[in-house]
Amino acid sequence: MLRLLFAGLLVQTALGAEEVFADEGGSTVLPCDVTYDPSESLFWEIVQHHKGQNIQILIKLKGQDIEIPERRYEERLSLVDGNSLEISDVSRDDDSVDSSDPDVLGTYRCTQQGRVGQERRLRVRHRPDPPSDLKVNDINPYSFDVSFIQGDDGGYPQTPYVQVLQTQKMFSDFTVQNENGVVKFHIQHPTVRPNTTYNICAVTNNSLGSGPCAWVTVTTDALSSFKVSLRLVNEPYTSPDPGAEENRDLLERVKNLARDGLQISPPEVLRFRPGRDEANSRSVIVDLEVTAGQSRLPQVKTVLWTAIRDGRLSKYHVDSHYVIIDGNVTILPVPAPKPTVGGFMARDIVFITLACAILAILIAVLLTCLIRSRSKGFTGSGKTEAANKIAESFQMNNPSNLTWFFGGTKDDHEGLSESSVDEDLRELAKELDQPTDRESALVDIVYDALNALAATGVKILLIFDDVQNISVVPREFLRNRKGAMKMIITTRDSNLHQYNGHPFASHAMSRFTDDEVVAFMNPNGGAAVEDRSKIVELAQHFDGRPLGLSLARSHILAVDTNVTRYLEKVRMEGTVDEQLSVPEQRVYNAVALSVNNRMGEKEGTMFKMAGFLMQNNIPILILDHAYERQFGTNPSTDEFVKALKSLSLGKIQEDSRSCINGSIRTLTVHRQTQAALKRMVSNDQVETMLEALIKAFLVFFNKDTRGFQASACNSRLLPHVEVLLSHPMIDSIREKAAFKPALARLYDVTASLYVKRQQPEKAKEMIERAKEICMEICPSLGYKALDDQACSELVKIAEKSYNNDVYAQQMTCQLLTYPNVKVLRAELHDRGRPKLLRNISFNAKQCQPLREQQVKKLVKEGAAVTKDVLQKSFLVELVANVYRTSGQRVLCLAENEKSGSLRDAEEDFAVSMKLSDYIAEHLDLFVLNKMLCRRDGTLLLLQELGGKTVDQQKEDLHKAIAGYRELFQDPTDYFENGILKKTDQDDYHAMICFRFMVQCYRKLIPLASTDKERQELIDHHNESANNMVKFAEEYKGYDVDGNVVEVFKALPEVYIMRGEFLVKMCEQGLKSGSVKTALEDAKKWFLKALKVPFVTLQQKAKAHLGMANAYLLSYEKKGRKRENLVRAEKELKNFTSITATSPVNKAVTERAAKMKHRIKQLREGSVSVDMLPDTTDGGPANLEARELEMVTSV
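Numbering (mature numbering (1 follows the signal peptide of the UniProt record, and there is no 0)) for the sequence shown: -16 to -1, 1 to 1178.
Please note: incorrect hints may appear among the correct ones.
[What the hints assert, rightly or not] Estimated spans, in silico, between C-beta atoms of each pair:
(1) 402 x 250: 29 to 35 Å
(2) 178 x 741: 27 to 33 Å
(3) 40 x 116: 36 to 42 Å
(4) 741 x 1114: 31 to 37 Å
[Stated by the list, open to error] Calculated pairs, BS3-like style, for lysine-lysine (alpha carbon to alpha carbon, straight line, at most 30 Å):
(5) 1140 x 1068
(6) 898 x 748
(7) 1033 x 1114
(8) 746 x 662
(9) 987 x 932
(10) 882 x 414
(11) 518 x 626
(12) 1114 x 1072
(13) 239 x 285
(14) 626 x 373
(15) 987 x 1048
(16) 1117 x 1072
(17) 740 x 414
(18) 856 x 748
(19) 211 x 443
(20) 1138 x 1068
(21) 1033 x 1068
(22) 1140 x 414
(23) 1114 x 1060
(24) 987 x 1060
(25) 1048 x 1075
(26) 943 x 740
(27) 882 x 119
(28) 662 x 720
(29) 1072 x 1048
(30) 1138 x 414
(31) 851 x 840
(32) 1117 x 443
(33) 1060 x 1140
(34) 1138 x 1072
Worth flagging that the hints you see were computed from the coordinates, not collected in a lab. Using N, Cα and C, we set each Cβ at its ideal position, and we do this for glycine too.
Construct all of the structure, not just a fragment, from the sequences and the given hints.
This is the structure we're talking about:
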């Protein structure tokens, strides 16, 4: 508005001004119109009519040089022909009307000795201004519309256009419509793909060039699909194959009805099937898959349903009384065939139905080869055991199999829930190494991964247990279009298999005979039984549920009583609960009778704590230590285990995976047993038991800074910690000041494990809770800038609360692992303390925490901090750890989410480092967090290259390398939770530093601008890689007797990294020396990885894939020797064989697929092979050739 006002004034007061046009960046001459007299002074000025004043911009006094008073015109003004003004490098601010500076707005004129020249209105023509009101509409999977309003044309006609950019690739394809100044583009191009993010640049150009872009980001709609079944009447069924010649006319009719009748893209015809069960049916059911944009899918379904329902498709012979969309029968269901018993049929989905007379069967013992299984269901009725017996047979007949159990019924009446299925789907996705952060696509991701696995020959069985609503089973699995998997569904609904028009097979369970019940209850032949009728009465009491019968039998045999007396006692036990069914109530009473009458007080209390953890694989040592820490006395673990076994209250197993040298005992209980335990505990007792478990987990559940023994322990404790922290009464415990740091620690450790598992969303929730508690402890932490005052306040709070704080009292009594013992060994060995070392090593072997006396000895030897220092530092160290975890969470985000959060990570790391530095400065204590915050934090941030110029990338990567080199040479001793955790002689830390240096050099090499620079970087990379291998090979862990019990588990990965780098350099033409030699060296590294005794299947797969790539490059680059191509194929077969039973991540699988396709092309002769000659310095003969080779390969 201001600019227009100025312009209007100028027109009114300077109507006689002559317009002069000039291009921005060019030059122009304004004539003076006054006869030039060199003996008189000359002035050029800007006449500001709107201000009533003039501004002199050039002065030429008699006999003097030109003076330019206004700085903005320096070196741009000069005189031509004596008195004409030449303006060079014309800018938009020189414009008489549109200058952005109102102080210099006006017309130009010259004066000399009272004579005034003609005023000139200078108009500067420029590139167009950026468009405004940029919008993206009508977003589809393969197209979208862009509209905007053009900016100022700059004085020349302008042409609008758009650029669509994705990962540095650009294309533009559009049609232009002008409506009221609005420009519209329809973007549709072969490279526009679904569910892809594009950056849109809207711009206009004129004869001077293009103006600046107006930017907007758009993500195309994801493709989604649904299945639909239609019935075509008056059509004889001939064949299920849509591609069969006899179905050609039928196929064409389906395409016509989709195109003309529904105006949708032609769907995929999956198959044809007879429209009725009777022979010679005169109708055909067509199974279709309709694909559309995800956002428009509901609309397409509605259009389809409406079109069929109102008869609009009747001209295509579509039956308006029949349609199934995604398995939901909306009009008329298809009659299901009669159930068949005795084998899989009807899409290989079998319903095991529990009829009205509920069956009791013996509890089955499962094979341990199940990837996911449950030994007992929720109701104790036997359905789960029946399904598991089938699974056992399936596994025995199919050595290469994947069996997965979808269970987790939390309510006897509702059955399996959608949330439980989602949890199990997520776990299955992790096992298959598939992404789990895309909620809407999780079912599709798992379904596609299972089909890919089945294509390699793996047999798949899925068990859905206790299904009362068929909608909880993913429709993709129910349809099972490719027939790649078998399914077992257990249910109490005898009609469930007939729902939704699916002709599934069913198998109805039948009751045990009286003889079978007697045989089960009376294994000794009648010694404990009055008569058969009492056993039958007992079975009826529990409604035939195996859990109740097992509890009864075990109790009767343990106390040498009979059925009559047992029934009397169990009927007297407990109170009536209206929320429970009668069979549930009776089973609960049986559990209570066994616990209250047959277990001691200590053992019973331990067992009740199991009710607040996950049902499966509860470490008994957690229950043991929880009781000890809460009540101060040691329970008898052996007596506890003996009671559980004799009373059939749980299954005891030895778990060797949680311990390096030895095993720990775990407990698995039935869901109904666990539910009964919870009901036996009062609210006050619940809080006491939760507090006891918190104390136990503080000891055993710790951050894994080295990735070995603690990792195995944490992985098995995490599900139990998750259940514990989700308990409703945790919030009331959090209100207690003594438990706040303890809960913050558990949240922090849980978050760090989620970060390691690449689950940033789960980690975010835990970190937020930990931060909330930290701010409750010290409100000063909530301020934006953390200063010494806040740190000092934390120290004061810690000093006051230390003696009563739960976390502080458990800190030093922590579980040490072999890597921790190795650090202490390096510190104490020369001091002649073999007994202390031996005791600590024994603790590590037995998964036992440090004892108070051992901690005191470590303090005396300087390997642990004093109580006074710990009292002041424990809260500061805790908060520093929380903020470091928060920063590390950002680093595991997806690339499209990470860029916007890097600033938050920088702030979190800054807070963490500030706290660690404060402890070092004021308490002379160097906590491990100080080093980790740099090594695994700020130095990793420097390696994030997005949005940086090439020079910035190179500078930051060199800074990171210098930082890691400094950390490698750091002689400081670092402590964690009061115990020494790192010394200057630390080969694990050295290996990690060199591994990060290797990663930095790999990012730097493609950025090199000269041959010399690139070769220097490659040499530095090789030096760092050699050190990485050296320290990885030297890493050892020792037991009590000094025997090697642990080595660096990622050693094969280190070897694979060396081989992959050589292969990559050869691929990009950047390898110095002979390409042939480099590829031979790469093969040696891959072979070395395969020969490591503890190499995992995934590592073997990657090594074989690397070998295949090396042989393929040898064939392509160094002579087309057939043996190299054959070896490449052989290594790929090895890769496929391994991944059939042990899947690798998606990127590796895609690389293998590309390699297979490449070999196929070479076999068929459809691709040419370029030979690379070796030069004296290796690779292509000059820099240009190398860069071309690198760009081509990328």
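Quick rundown of the hints versus the structure:
| no. | hint | result |
| --- | --- | --- |
| 1 | 402 x 250: 29 to 35 Å | holds (33 Å) |
| 2 | 178 x 741: 27 to 33 Å | holds (29 Å) |
| 3 | 40 x 116: 36 to 42 Å | holds (38 Å) |
| 4 | 741 x 1114: 31 to 37 Å | holds (34 Å) |
| 5 | 1140 x 1068 | holds (22 Å) |
| 6 | 898 x 748 | holds (22 Å) |
| 7 | 1033 x 1114 | holds (27 Å) |
| 8 | 746 x 662 | holds (27 Å) |
| 9 | 987 x 932 | holds (13 Å) |
| 10 | 882 x 414 | holds (22 Å) |
| 11 | 518 x 626 | holds (29 Å) |
| 12 | 1114 x 1072 | holds (18 Å) |
| 13 | 239 x 285 | holds (17 Å) |
| 14 | 626 x 373 | holds (27 Å) |
| 15 | 987 x 1048 | holds (12 Å) |
| 16 | 1117 x 1072 | holds (19 Å) |
| 17 | 740 x 414 | holds (13 Å) |
| 18 | 856 x 748 | holds (29 Å) |
| 19 | 211 x 443 | holds (25 Å) |
| 20 | 1138 x 1068 | holds (23 Å) |
| 21 | 1033 x 1068 | holds (19 Å) |
| 22 | 1140 x 414 | holds (26 Å) |
| 23 | 1114 x 1060 | holds (20 Å) |
| 24 | 987 x 1060 | holds (24 Å) |
| 25 | 1048 x 1075 | holds (23 Å) |
| 26 | 943 x 740 | holds (25 Å) |
| 27 | 882 x 119 | holds (25 Å) |
| 28 | 662 x 720 | holds (23 Å) |
| 29 | 1072 x 1048 | holds (18 Å) |
| 30 | 1138 x 414 | holds (24 Å) |
| 31 | 851 x 840 | holds (9 Å) |
| 32 | 1117 x 443 | holds (19 Å) |
| 33 | 1060 x 1140 | holds (22 Å) |
| 34 | 1138 x 1072 | holds (25 Å) |
In this structure, none of the earlier numbered hints is contradicted; all agree with it.
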